[in-house]
Amino acid sequence: MNSKTNLNKTAVTHTPSIVYIKKLTVSGMLVALTVSLSGFSIPIGASKCFPIQHLVNVLAGVFLGPAYGVAMAFVSSLIRNLSGTGTLLAFPGSIVGAYLSALLFQKTGKLLLAYVGEITGTGLIGALLSYPVAMMILGKDVAVFFFVVPFLMSTVCGTVFAAFLLEALRRLGLLTYIRQLIGK
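For the sequence shown, the numbering used here assigns the number 184 to the last residue and increments by one with no breaks.
Any given hint could be a false lead.
Pair by pair, the computed Cβ-Cβ distance ranges are [unchecked claim]:
hint, residue 1, residue 2, range
1, Tyr177, Leu138, 42 to 50 Å
2, Gly84, Thr108, 32 to 40 Å
3, Leu24, Val144, 34 to 42 Å
4, Thr176, Asp141, 46 to 54 Å
5, Val142, Gly28, 28 to 36 Å
6, Asp141, Ile178, 39 to 47 Å
For the record, the hints were derived by calculation from the structure and aren't laboratory data. Built from N, CA and C at the ideal position, the CB exists for glycine as well.
Produce the complete structure using the sequences and hints provided.
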């Protein structure tokens with residue numbers, strides 16, 4: 001009976017290595033979700049708008065933090081590019097959006113600022129960072145603000161999905177529970 005008690009205490013403890021494993025596991029699950037749903041994209045101009053990435057960016061921002069959010073966005077973009085369901089424009093958009101969403105949520109604890117971070121990071125900053133990628137790497141002759149509208153459309157849609165999901169989790173009392181379970 002004593003060993004069973006020790007096992008239960010170990011499972012609840014949030015030592016740095018256990019938190020690392022939990023966050024890595026959740027990151028992997030979010031990458032798997034993103035990649036498995038990557039067939040659902042909307043082509044707008046030279047970009048493939050993918051609202052699921054933005055939903056996952058906000059979830060990573062709330063549950064994992066900036067470092068894991070950026071890593072998750074990078075790995076998702078890389079796998080989507082390697083599998084042909086994404087473009088190189090996924091990197092600047094998703095990475096900046098995930099980072100800003102997580103950073104603002106981490107600093108304030110406010111979901112609204114996580115949403116604003118995703119929309120600003122992807123829809124504005126990521127879209128502007130996509131310009132040199134499009135010009136130099138993809139060889140697309142586009143205007144500087146060409147990607148702002150499609151990126152904003154995609155990120156607003158995904159962020160609204162995230163807001164509904166997180167609000168449902170909050171009302172059920174699961175938002176705090178999941179954050180504590182992961183170790184945030």
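Measuring from beta carbon to beta carbon, are Leu24 and Val144 in 34 to 42 Å?
-> holds (37 Å)
Is 28 to 36 Å right for how far apart the beta carbons of Val142 and Gly28 are?
-> holds (34 Å)
May I ask you to test the hint 39 to 47 Å on the CB atoms belonging to Asp141 and Ile178?
-> Holds - the Cβ-Cβ distance for Asp141 and Ile178, about 45 Å, lies within 39 to 47 Å.
Do the Cβ positions of Tyr177 and Leu138 conform to the proposed distance bound of 42 to 50 Å?
-> holds (43 Å)
Using the C-beta atoms of Gly84 and Thr108, is the stated range 32 to 40 Å upheld?
-> Given range 32 to 40 Å: holds, Cβ gap about 38 Å.
Look at the Cβ atoms of Thr176 and Asp141 and judge whether their distance stays inside 46 to 54 Å.
-> For Asp141 against Thr176, whose Cβ atoms are near 49 Å apart, the range 46 to 54 Å holds.
Checked against the numbered hints above, the structure violates none of them.
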